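S.K.: This is what each chain is made of:
2 protein chains.
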Amino acid sequence: MKIIVDAFGGDNAPDEILKGCRMAKDALGMDILLTGAESAIRSAAARLSLDIADMEILDCPDVLTMEDDPMSVRREKKNSSLAVCCMALRDGKGDAFVSAGNSGAVVVGATLFVKRLKGVLRVCFAPVLPKSTGFFLLADSGANNECTPQMLAQFGLMGSVYVEKVMGVKSPRVGLLNVGAEEHKGGPLQQAAFRLLSEDQRIRFVGNVEARDVPDDAAEVIVTDGFTGNVFIKTYEGVALVLMDKIKGIFKKNLKNQLAAAMVLGDMKQFKKDFDYNSYGGAPILGCSKPVFKVHGSAKAGTMFSALSLTAKYVSAGIIDEIAEAVGKGEGE
Amino acid sequence: MKIIVDAFGGDNAPDEILKGCRMAKDALGMDILLTGAESAIRSAAARLSLDIADMEILDCPDVLTMEDDPMSVRREKKNSSLAVCCMALRDGKGDAFVSAGNSGAVVVGATLFVKRLKGVLRVCFAPVLPKSTGFFLLADSGANNECTPQMLAQFGLMGSVYVEKVMGVKSPRVGLLNVGAEEHKGGPLQQAAFRLLSEDQRIRFVGNVEARDVPDDAAEVIVTDGFTGNVFIKTYEGVALVLMDKIKGIFKKNLKNQLAAAMVLGDMKQFKKDFDYNSYGGAPILGCSKPVFKVHGSAKAGTMFSALSLTAKYVSAGIIDEIAEAVGKGEGE
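Sequences listed follow chains P and F, in order.
Quick note on numbering: the first sequence equals residues 336 to 668 in my numbering.
Quick note on numbering: the second sequence equals residues 336 to 668 in my numbering.
Isolated chain P, as found in the complex (with noise of 0.2 Å):
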């Protein structure tokens, strides 16, 4: 197997990328096909006594950043890190591609070059999050700000085989992501939606859910229309961060505060790391005809690492397939 990484996505590219990289190929003997400037990428790891010596490097000049429009991922940006990336997957150079560079490019890329399996009506973006117990995937988080109920329906379907499959949940729950519990509520997308939903025999679906419940236990898939999920998300990462930031405040106030800080340290640091929005590496693309996996901008070499091993699954389980399969039946082929 082999996955291709752009060297220069993310906040902390080249170095954490490389580093995750190293790690991901020693653990999991994956191969490893770099695309960024082979110089820069080459002294960097010089520079961190990495040796890069068993990984492939695609050499490309440009980098395509968080602030770039995501349509010049195929025009101003076509040899950037993030364009040759996608264009290698196309042809077949490696089996998927992980990138941390800018979500927009990484969907638009992957609908222009990998492009969307037969049947898929779009892409969705699958960041999987921490919840009380466990975690859930959210599909979509922000590749459609507006969609179908027929593609509502497929981001449910796709979810589903993601989380059993590579994420190891047996017959996971499925819920839309609704203001209230009951069949009729939100709006005519929400309705036909929810129908869609109860028809498929493929998915054990729950039913609505409210925004409220997700972060307790409610499904283990939500869906919902990006916009949505785009305010859910950030919702829930605004949230628990000023939350964080309020209690770090109060354990840092006065001598008595931080002794008690110390005495509850472990704790403390085991429950931020069970609701670490970067535990769970990333988001899958789903949908695309190749797996596709978009790691936290903000990812560190251990990130880059958890986000490599969910990729090696994604491709490794064969859910490409199965979706491909699903979707085609769901169509009544």
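FYI, nobody ran anything at the bench for these hints, they're computed from the structure.
Among the clues, some could well be false.
Since the list gives no way to pick one copy over another, a pair counts as held whenever it fits inside one copy or between any two copies.
[Said to hold, decoys possible] Mimicking PhoX-like on lysine-lysine, the simulated pairs with C-alpha atoms at most 25 Å apart in a straight line are:
#1 K607 - K588
#2 K520 - K413
#3 K354 - K648
#4 K337 - K635
#5 K337 - K500
#6 K604 - K588
#7 K608 - K583
#8 K607 - K591
#9 K608 - K587
#10 K500 - K648
A quick note: this is a predicted structure, and the numbers were derived from the prediction, not measured.
Let chain P serve as the given structure and place chain F on it in line with the hints.
M.R.: Using the frame of chain P, we list chain F on its own:
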């Protein structure tokens, strides 16, 4: 000033409602007209040793529950404490009404009986929530699943007037909840609402606001459609609950942690209070011809007191006239 209070709205009615009314009448001196079964009100007051001799009662037999269809307020539950509350305000028997009952039914009752102000396209549900410092008002948080850009522009204007006149923030910042900060972000609804809000010289529009920045300090008025707003508020609530619960678990885990908890108890209590969903009492229904205030369903006496105090300001600040004039002007009259 006379405030009409639904004595049978909410999880803790009538006891906590009556206690809150007593507190408000003692501290603020407004007249209070209670709606509900008089015998039940009088026996609850006797049991609680509460003197309610200086409050009027509009006797009505029914209760509209949290499970009832909101539309039942004008049909099978038109003799409920909530419906009678709405009709009493319509008929000029008081200056405002307050209920901790079924939110949907409060909105329906406010719209059908109290009516919208001329020129107001839709009333909106506008809870006030804590952020890292101070608070923000969210309009709409669930009265309208589907909105037009014009409705969103009105929510911004009405929210701004309320926050300035009732909550006392001079020239509050108004932000549009969106998936990115740039003007072109979001779908057609957000793009058109952005233009309308930008052009409105009566408000201080600060542009698009991402959900992750709202709990920090993005703006004092957050404008959104009711579907997104409802997902936002419930995510906010859910994440806060799960995190607080986890921290509670840590502090109870063993003797050492319990000791640590005792050392930061005062600060944690203050923090919990600062972030208490209930601390701002609830939500005004903006756009009605008379002040309507929805209290949290879980309200206890203290929250009822806050709600009655805010409602008194809502009445005396004359913002209904101001909104009427503003919305009228907005239409070019």
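S.K.: Honestly, which of those hints from before does the structure not fit?
M.R.: none
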